[in-house]
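Enquirer: Build out the structure end to end from the sequences listed, making use of the hints.
First to last, the sequence lines map onto chains A and B.
Read in order, the letters of the first sequence are residues 1 to 333 in this note's numbering.
Read in order, the letters of the second sequence are residues 1001 to 1333 in this note's numbering.
Warning: the hint list may mix true and false statements.
[Said to hold, decoys possible] Listed next, with one range per pair, are the computed distances between beta-carbon atoms:
hint : chain 1 : residue 1 : chain 2 : residue 2 : range
1    : A       : Gly257    : B       : Gly1132   : 36 to 42 angstroms
2    : B       : Gly1257   : A       : Glu101    : 55 to 61 angstroms
3    : B       : Lys1205   : A       : Lys280    : 41 to 47 angstroms
4    : B       : Glu1254   : A       : Pro58     : 31 to 37 angstroms
5    : A       : Gly207    : B       : Phe1060   : 36 to 42 angstroms
6    : B       : Glu1259   : A       : Leu255    : 55 to 61 angstroms
7    : B       : Met1185   : A       : Glu30     : 43 to 49 angstroms
8    : B       : Glu1327   : A       : Pro274    : 34 to 40 angstroms
[As the list claims (entries may be wrong)] Only some residues are given here: those of chain B computed to face chain A with a beta carbon under 10 angstroms:
hint : residue
9    : Ala1038
10   : Ile1047
11   : Pro1099
12   : Tyr1100
13   : Glu1102
14   : Thr1126
15   : Val1320
16   : Leu1321
17   : Leu1328
[To be verified] With a straight-line Cα cutoff of 30 angstroms, these simulated DSS-like cross-link-like pairs (lysine-lysine) come out:
hint : chain 1 : residue 1 : chain 2 : residue 2
18   : A       : Lys308    : A       : Lys116
19   : B       : Lys1308   : A       : Lys202
20   : A       : Lys34     : B       : Lys1202
21   : B       : Lys1205   : B       : Lys1299
22   : A       : Lys202    : B       : Lys1202
23   : A       : Lys20     : B       : Lys1308
24   : B       : Lys1111   : B       : Lys1158
25   : A       : Lys299    : B       : Lys1020
No lab work stands behind these hints: they were computed from the structure.
Remember, it's a predicted structure, so these values are computed and weren't measured experimentally.
Heads up, the beta-carbon is just placed ideally off N, CA and C, and yes, glycines get one too.
Number of protein chains: 2
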Amino acid sequence: MKRVLLSHGGGGEDTWRLIKEVFLRHLSNEYLNKLEDAALLEVDSKIAFTTDSFTVNPIFFKGGNIGKLAVAGTVNDLSVMGAKPIYMSLGFIIEEGFPYEELESIVISMKEEAQKSGVLVVAGDTKVVPRGNVDGLFISASGIGKVLYEGISCSNVKAGDVIIVSGGIGEHGACILAQREGIQMDVELESDCRSLWDLIEKIIKSGVEIHAMRDPTRGGLSAVLYEWAISSRVSFLIDEENIPIKEPVVGLCELLGLEPYHLACEGRVVIALPEKDAEKVLNVIRNHPDGEDARIIGKAIPVEGSPKVILRTFYGTHRVLDPPAGELLPRIC
Amino acid sequence: MKRVLLSHGGGGEDTWRLIKEVFLRHLSNEYLNKLEDAALLEVDSKIAFTTDSFTVNPIFFKGGNIGKLAVAGTVNDLSVMGAKPIYMSLGFIIEEGFPYEELESIVISMKEEAQKSGVLVVAGDTKVVPRGNVDGLFISASGIGKVLYEGISCSNVKAGDVIIVSGGIGEHGACILAQREGIQMDVELESDCRSLWDLIEKIIKSGVEIHAMRDPTRGGLSAVLYEWAISSRVSFLIDEENIPIKEPVVGLCELLGLEPYHLACEGRVVIALPEKDAEKVLNVIRNHPDGEDARIIGKAIPVEGSPKVILRTFYGTHRVLDPPAGELLPRIC
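Expert: Here is the structure:
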């Protein structure tokens, strides 16, 4: 089996071969092909700029792999700020001995995922480190988007705002956890990993007012709501029975004693918006293949004491949702 | 000793504490402080966009550390494309147990290095991975620059162009190698790691014509000249006695049987430009503290057969310089 060697990261002939055979072959465009130290780009407006490192373990999981995740994650971070993803960069840190074929199949998924939103990979970097210095493959990704809707901010949620979730929560986290621990559920867990630009573009184009928007990754729904609560000085009242969660996610959480609201999603969006536009947005989302299970889950309420997230449980009682804390799940994304 | 824990990467309270105590404390600015999924930025022109991952081992070396290197490397990749560095993003991948104090001292050097060129860190990401999944700390960095000079390209070197190097070559590579192997030289080897924007801005502002410009990192001077040779279809005739190399670098290369022209620099620039402007640029560089040892090292010549780099040796003979190949030195940057 052909493997990535240290020489592929040395900056010499083997590096050039790897770049041509794997990266340029699949990600080719007029900017990247120039292979300059920096890509020269035209932008004509306010831009959004984001970065993330991806260390997910396992590298291949049901519903995606680290490459798809890196592209979708970058696309989503731009999209939730109201920005159309236009350019991205990729940095690969590869462990010596990593299978060449696996690297190529990861790059191919990146190409496919990038095509969904039209984002172009215009800059990249490859490092190969000796065996044992990194576990397999890490990818860093940065993205530039053109801002099409302004005013979205985690500090912009108002009491009275309605909270919408675009689909079942916790599926990425549950999938990774099950796969890592070798747990088989009756219905197989699959990551929700996907690019949200197409869905979010339709929401923006519907002409509604959006106060805050976020993809609930590390720390899950709970992290997003607590960040908004603290930044916007509001509390949330959430109806537990309205939170979309698929059966196998519930099952895994019961099995392991986990809070599903802390589990990462990689293809869901949470939106806070004025009540007047809530039904309209819900319809837009539900009519999109990435949002069929969308639900209104609750609303922002005036804060009393410290900002908190209150769940109205299935039994009609109320409990305060814990903010995510502790180790949770390392290498979830 | 306080150490980075897995919980610092979990996306919960500990993550927020780390971000506030270490990253925002030193890198604070109006964009980064918002902690949104993407920073919203104003740009009004053509931009340059670059990315790099930094895996240098050892993390602290004479003349710098991985943080200074990440900032200087990003600044330099923008600068050599004629772009003023304005914004950058940072991604930290930290091994569980990494000393908190060391992380902070790295962030402080990043702050200091960023101030030299005025670049702002506007976006970031932190991952903590379990012990053994990464060796210490890797940093990814991306940068956005405002293009002030257009036309620089590795495919733009013309036969007749003069080649200038801004200072002693191979110092970063030699320093890392000596420190890693525990080799003591009479005069201590120090990395040339530095941000080149101030120097390059002065070159651009002098009104000269620049054909190609590059900081010779991985693969050293040889890699830059071969990339230019192949992209521009020229050869190079280089006077070995005019290449600035400090004594301890020569000594280490003799000791280990290495080619100094393959050793990485992290604070030098190589320029190809028309002969008419060569003396002017040389003066500009020599009058700058980062370019006192600048020299004209040779020129581009018409290609015969395949593009190559020909060295006129100290003895007056000619030899073809090898392009960098093989493993060279992993984790040099």
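Enquirer: Each hint needs a verdict: does it hold in this structure or not?
Expert: To see whether the hints hold, each was checked on the structure:
1. The hint said 36 to 42 angstroms for the Cβ distance between Gly257 (chain A) and Gly1132 (chain B), and at roughly 27 angstroms that hint is violated.
2. At about 36 angstroms, the CB distance of Gly1257 (chain B) to Glu101 (chain A) disagrees with the hint of 55 to 61 angstroms.
3. Our hint of 41 to 47 angstroms for Lys1205 (chain B) and Lys280 (chain A) is violated, since their Cβ atoms are close to 54 angstroms apart.
4. Distance hint check: the CB atoms of Glu1254 (chain B) and Pro58 (chain A) are about 47 angstroms apart, inconsistent with the given range 31 to 37 angstroms.
5. Gly207 (chain A) and Phe1060 (chain B) have their C-beta atoms about 54 angstroms apart, which leaves the hinted 36 to 42 angstroms range violated.
6. In this structure the hint that Glu1259 (chain B) and Leu255 (chain A) lie 55 to 61 angstroms apart at CB holds, the actual value being about 59 angstroms.
7. The supplied range of 43 to 49 angstroms is met by Met1185 (chain B) and Glu30 (chain A), whose beta-carbon atoms lie about 46 angstroms from each other.
8. Separation of Glu1327 (chain B) from Pro274 (chain A) is about 60 angstroms and departs from the stated range, judged on CB atoms against 34 to 40 angstroms.
9. Interface restraint check for Ala1038 (chain B): the shortest CB-CB distance to chain A comes to about 4 angstroms, inside 10 angstroms, so the restraint holds.
10. Here the hint on Ile1047 (chain B) is kept, as its CB sits about 5 angstroms from the closest CB of chain A, short of 10 angstroms.
11. Of the supplied interface hints, the one on Pro1099 (chain B) is violated, with its beta-carbon coming no nearer than about 18 angstroms to a beta-carbon of chain A, more than 10 angstroms.
12. Evaluation of the Tyr1100 (chain B) hint against chain A yields a violated restraint, the C-beta minimum of about 17 angstroms exceeding 10 angstroms.
13. Here the hint on Glu1102 (chain B) is broken, as its CB sits about 18 angstroms from the closest CB of chain A, past 10 angstroms.
14. For Thr1126 (chain B), the suggested interface contact is upheld, since its CB lies about 8 angstroms from the closest CB of chain A, less than 10 angstroms.
15. The beta carbon of Val1320 (chain B) comes no nearer than 15 angstroms to any beta carbon in chain A, farther than 10 angstroms, and the hint placing it at the interface is violated.
16. Nearest Cβ of chain A to the Cβ of Leu1321 (chain B): about 12 angstroms, over the 10 angstroms cut. The hint is violated.
17. Given hint, Leu1328 (chain B) at the interface with chain A, holds; its Cβ is 4 angstroms from that chain's nearest Cβ, closer than 10 angstroms.
18. At most 30 angstroms may separate the alpha-carbon atoms for a hinted pair to count; Lys308 (chain A) and Lys116 (chain A) exceed this at roughly 37 angstroms.
19. Distance restraint check for Lys1308 (chain B) and Lys202 (chain A): the Cα-Cα separation of roughly 54 angstroms exceeds the 30 angstroms cut-off, and the hinted pair is therefore not satisfied.
20. A threshold of 30 angstroms between alpha carbons decides the hint, and for Lys34 (chain A) with Lys1202 (chain B) the separation of about 26 angstroms falls inside it, so the pair holds.
21. Between Lys1205 (chain B) and Lys1299 (chain B), the direct Cα distance comes to roughly 23 angstroms. Compliance with the 30 angstroms bound is thereby established for this hinted pair.
22. As the CA atoms of Lys202 (chain A) and Lys1202 (chain B) are separated by approximately 47 angstroms, the hinted pair breaks the 30 angstroms bound.
23. For a cut-off of 30 angstroms, the pair hint linking Lys20 (chain A) to Lys1308 (chain B) stands: about 21 angstroms separates their Cα positions.
24. For the proposed pair Lys1111 (chain B) and Lys1158 (chain B), the alpha carbon gap of about 39 angstroms is over 30 angstroms, so the pair is violated.
25. The straight-line distance between the Cα atoms of Lys299 (chain A) and Lys1020 (chain B) is roughly 29 angstroms, inside the 30 angstroms bound, and the hint therefore holds.
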